Amino acid sequence: MSEIIQVVSLHKIFRAGKMEVPALRGVNLRVEEGEFISIVGPSGCGKSTLLHIIGGLTSPTTGRVIVDGMELGRMNDAQRTEMRRQKIGFVFQRFNLLPTLTAFGNIAMASHIAGRGNGTSRTEMQAVVRLLGLEDRLRHRPAELSGGEQQRVAIARAVVNHPKLLLADEPTGNLDTTNSEVVLNMLLELNHNFGQTILLITHNPEVATFTDRIVNMRDGHILEN
Amino acid sequence: MIVANLLMRPVRTALSVTAVAVEVVLIILVVGLTHGMVQDTALRTQGVGADIMVQPQTTSILLGLSGSPMPIQIADRLRELSQVKAVAPVMVQASSSGGVTLIYGIEKKSFDAVGGGFRFLEGHDLGASEEVLVDDIYARANHIRAGQTIQLLNQSLRVAGVVEHGKGARIFMQLDALQDLMGSIGKVSVFFVKGANPGQTAPALEQIRQVLPNYQVRDMQEFMSLMTASNLPGLNNFITVMIGLAVAIGLLVIFVTMYSAIAERTREIGILKSMGASKKCVINIVLRETTILTLLGIGMGIGLSYLIRILIGVIFPTLPILITGDWLLRACLIALAASLVGASYPAFRASRQDPIQALAYE
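Those protein sequences? They're chains L and G, same order as listed. Quick note on numbering: the first sequence equals residues 1 to 225 in my numbering. Quick note on numbering: the second sequence equals residues 1 to 362 in my numbering.
Next up, chain L with everything else stripped away, as it sits in the complex (with noise of 0.2 Å):
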């Protein structure tokens, strides 16, 4: 297996005024192609920064991020997005559904973003609903859904368009301990029978037990793998 994700020395640091809050102090980190891996930390350790460098949302201070073969660093903001919207699917603790379509349109939405437009066949966005159980759901908007069934919906927005690599921001922050297994045990299944590769951040140890591999993180630093 191929390398995925390839971190080296990764700084980042905040400016607030004159004032400089540095967040990432010299992380490295290697992912495979295809693993379920975990960074753990508590709030303000970094992991959030990170994951959001990684899926090219914000850039890094100094350091080499490598993703799926292409240097962040050295792409602008367009590339970036384009990375985004061809290699990555985010999923985020509040869902971050858009509240105004229903849970059909937020997924047909990630298709048209990624200029597949209808292109993304029905039997495909079919068996994505099927895998999250969503069938009967797809007519809601997010107001009218659980907490589960939203990050259902949102996981199912991320991984439509088949991207390299998902990144999960604290998936279960916000759900119960019944529909955090749920959606912990649909990303495993995404992991295991279509090798989607997932780097989650958590602050819970336990939900870090899904995954196949821990890393922990404190203050801007990778402690252990």
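No wet-lab data here; the hints were simulated from the structure. Keep in mind that this is a model prediction, so the values were computed, not measured. Don't take each hint at face value.
Pair ranges (Cβ atoms, derived) [to be verified]:
1. L:H192 <-> G:V341: 50 to 56 Å
2. L:H11 <-> G:T291: 41 to 47 Å
3. L:G133 <-> G:G244: 56 to 62 Å
4. G:G303 <-> L:E71: 53 to 59 Å
5. L:N28 <-> G:V3: 44 to 50 Å
6. G:T291 <-> L:E144: 50 to 56 Å
Note that the Cβ used here is the ideal one computed from N, Cα and C, for glycine as well.
Here the structure of chain L is known, so what remains is to put chain G in place on it, guided by the hints.
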């Protein structure tokens, strides 16, 4: 998504659509009213039935603004010409009672000789000096019947008859009576001339120009071609100012609408960006939403314009509104351009939003 967004805030959507509609209505009605009045005046002047008009050199093409500087004796000199069949000296006076309207002071016999006479709908011909004729549109607008007395030029005048519209003015009275009222004894504003050879005005024009080299001598074709808003002093400026105001309304409302919509949807923009939506895609979404709003407003504006024209036609029959396809198209394009300009900054701002900050937005 765009339609869903519009339906999500129905009041804001309705307000924006209405603002664009007001913009379109303002453009169509201001231009329509201006062009309608000019065209109506031109057609009524043509309706006098003359082939040629003679005016002083420096006066306006708008007869009501011309004053009455010409001696009536010129009519006799014109009548002597072989190419002239009939001459009607007319004094033109604007009156502001019951809305601005023109009064023609006429010699009934010569006016009929040039134009073939009035068609009476009510009453009888001009007799006494304190009598007037009004056309049917003026009568309808002011609820006047033959035999009634009206206040005009600070006088009580009796309506002798109601005639069919289209013969120059809406009110007619004896020439000498009007001259007397205005203190312009022996003076007139215009001579309407009927040529001796129907359809051939050139010989008559040439003869008149030889006799009256310092006067404006025009055939009706030339007069009609000059009676456009662009040839009349100040009208184009008025139209431009009114269109500017209309555009400002549309532009500002769309700007505020889209700006507030963008602020409200900060998080959604972050979501779209996290999914890989480019700046162009975000701008496209905002501008498409604006376009739909504007098209709805344009449709509503055009419908309202026709409705208002019908209402004005009933309530103020003397105010003609000319709606042309040319100006309908221009109003649509102006409204669309104003909306897109108004939405361009909010769209640009949305496209530049940082996805992480946008996703963290509460």
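Verification of the hints:
1. At about 54 Å, the beta-carbon gap between H192 (chain L) and V341 (chain G) stays in the expected band of 50 to 56 Å.
2. Checking the proposed 41 to 47 Å range against H11 (chain L) and T291 (chain G) shows it holds: the Cβ atoms sit about 45 Å from each other.
3. A C-beta distance of roughly 59 Å is found between G133 (chain L) and G244 (chain G), which places it inside the suggested range of 56 to 62 Å.
4. Checked against the hint of 53 to 59 Å, the pair G303 (chain G) and E71 (chain L) passes, with Cβ atoms roughly 58 Å apart.
5. At roughly 48 Å, the beta-carbon separation of N28 (chain L) and V3 (chain G) lies within the given 44 to 50 Å, and the hint holds.
6. Checked against the given bound of 50 to 56 Å, the beta carbons of T291 (chain G) and E144 (chain L), roughly 30 Å apart, lie outside it.
Going down the numbered hints, you'll see the structure goes against just number 6.
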